[in-house]
Amino acid sequence: MPNSPERIQQLPYLGLGLRLRKEYIPLVLQEQVPVDWFEIISEGYLGASEEQLQQLDQICAKYPIVMHGISLGIGSPWPLDEEYLQQLKALVDRVNPLWISDHLCWGGADDTQGQLLPLPYSEEMLEHVVPRIQQVQAIFDRQILLENVPSEVIDPKTDMPEADFIREVAISSNSLILLDIENLHTTSVSQGINASDYLSHLPADRVQQIHLAGATLLCEAEEEADEEAEKDPVWQLYLEALKLFGPTTTMIERLDTIPSFAQMVTEVKKARCALSKHFPDLPQP
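According to my numbering, the stretch in the sequence shown is residues 101 to 385, in order.
Treat the hints as calculated values from the structure; they're not laboratory data. Careful: at least some of the hints might be erroneous.
As the list claims (entries may be wrong) - In silico DSS-like cross-links for lysine-lysine, where the CA-CA straight-line distance does not exceed 25 angstroms:
#  : residue 1 : residue 2
1  : 377       : 343
2  : 369       : 331
3  : 122       : 189
4  : 343       : 369
5  : 377       : 331
6  : 122       : 369
7  : 343       : 331
8  : 162       : 369
9  : 162       : 122
10 : 189       : 162
Could you put together the complete structure from these sequences and hints?
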């Protein structure tokens, strides 16, 4: 579990959060909800109406907010999209999120959104992405987080383990890591890699946020959440990550459906209960 040189920023632990879907906004505006923080999809607010932005302003005044994008295309062969970056910077200046993130992958603003394809993990790609990350960080005057994407097959040009590549990218560019546990689980199952070994190769001091998806705790009662977590491989991997990295800001998400806000709040409560059994001294944000 190697550490790396000191960060530029000391970022806070936010606790357990949710993605701010448009369906949830009226309720979040109406009352104080038992969620520690929210993540917004950056592209959802590029070109948004003033009314939508004012609603976001109100939520930003009540909760910590982070921004997560899908269009940066940090590994793509074409130049970074300056227009997209300036639009994103304007949103960052307005929202003032705790941090911003995107994916360590192909794809970008000029590509079909959602085509977040894994990179070849090689020295050549390392030399390509590091200066691009540094360029983005210079524009925003802050570090960015980059998320691991699922990889079902190994690219023929790959010449190093994915975890080593992510570590070298983070250290060389002085960026941070958004660790997606479900994506890691998918990669480990598809490629037969050891997920525990993968985690141990990441620089612990650069893992700033976790995405936890695909790990619904099926129990009805919150007090049964710990027992349910013991049965779920994604949850077990998540708990292992926390033991390595310490308290890490976590967003709970569902990718296959759009649950009601009440369902997601229940998931947060169950997760909090399960975590309290394993980490009784977990700090409150």
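Going through the hints against the structure:
1. 377 to 343: Given that 25 angstroms is the threshold and the Cα spacing comes to 13 angstroms, the pair holds.
2. 369 to 331: Given pair residue 369, residue 331 holds - Cα atoms ~18 angstroms apart, limit 25 angstroms.
3. 122 to 189: Status holds; Cα separation ~22 angstroms.
4. 343 to 369: Answer holds: residue 343 to residue 369 is near 20 angstroms, not above 25 angstroms.
5. 377 to 331: 15 angstroms, holds
6. 122 to 369: 21 angstroms, holds
7. 343 to 331: Holds. Residue 343 to residue 331 sits at ~18 angstroms (cutoff 25 angstroms).
8. 162 to 369: It holds: about 19 angstroms lies between the C-alpha atoms, which stays within 25 angstroms.
9. 162 to 122: 17 angstroms, holds
10. 189 to 162: Holds, at about 22 angstroms.
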